[in-house]
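Could you build all of it, start to finish, from the sequences and the hints given here?
The sequence shown begins at 187 in my numbering and counts up one residue at a time.
It is worth saying that the hints were derived from the structure and are not from the lab.
This structure is a prediction, so every number in the text was calculated from the model and none was measured.
Every residue gets a Cβ at the ideal spot worked out from N, C-alpha and C, and that includes glycine.
All clues stand as given, with none of them false.
Each pair of labels, with its calculated beta carbon distance range:
id: 1; residue 1: D261; residue 2: G351; range: 38 to 44 Å
id: 2; residue 1: R389; residue 2: R231; range: 47 to 53 Å
id: 3; residue 1: Q258; residue 2: Q328; range: 47 to 53 Å
id: 4; residue 1: R389; residue 2: D261; range: 36 to 42 Å
id: 5; residue 1: D422; residue 2: R348; range: 21 to 27 Å
id: 6; residue 1: A383; residue 2: L423; range: 25 to 31 Å
id: 7; residue 1: I236; residue 2: G351; range: 39 to 45 Å
id: 8; residue 1: A260; residue 2: Q328; range: 42 to 48 Å
id: 9; residue 1: A233; residue 2: D422; range: 37 to 43 Å
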Amino acid sequence: MRTTPLTFTKTAGVHYAQIDYARLVKARGGVAVVGIEDEDGDVARQAVPIPDGDVIVGFGPSASPTAAGARQLADLGIRSLSTTGAPGFSPAPLEDVTYAVNQAYLFTKVTEGARRVYAFRLGDDGASATAQKASLAELDAQLVEEVYEKHTARFRVGRFSRTPGGRDFTNVAIDVAQAKAVRIAADVCTLLGVSSALGFIHRGDRLSFAYDLASAFEMSDVIPIGFLVGARKFADLADVEAVVDEELHDRRVASRMIEAVSRILA
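Written out as structure tokens, the structure reads:
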């Protein structure tokens, strides 16, 4: 049996890898990936070199981090993150990453920060560089509506109205995906030393920046995941959450949020 490979990529100055269906344990000289036992009881074990610098490992739905495991990895300079925003786990911040905090305080106008959030949402840094915040908000709303129309037609759900707290399959799935995205964003803020209350679009909440960061993935991930999972018409909320977890992990949303923070606060 083979283990799940653990490959580090450098994202915004941070070495990031994610894992699922396996465990990461301390080993001589570093860490090792331990695969799940197969029918014969065999266990695969593979040593993994730790990169120099700041290191984050994202744990997927079948390898969720625990406080005890996170403490062991922290002793080796590795920080743990749930790729699905698993409740009950709060990551420890990276000790050396302070750029985000310092850069955040350089903003003298919230409008500039809002422009950067919209730029990431719209995927167009140039078009958002000098536009008015109100214009960006209007364009953003139009594009969100287009995404809803596109997925409504694709999944043939008939007439769809986005209603937070709605009881139809699609609204439930979008609510779940949105809540998990916010939890992932809040954990990323903690890891990178960003105040989650530092809001540019969302204001006046202790998770304002986490909402900003999560909203940057609304059109690309949250809405599509909601329609994809909603179309399967799960009667059990646990099934909805499980499939949303898999989608968030497979799309590497946590890693992309780390990159988004560096771009928004650069």
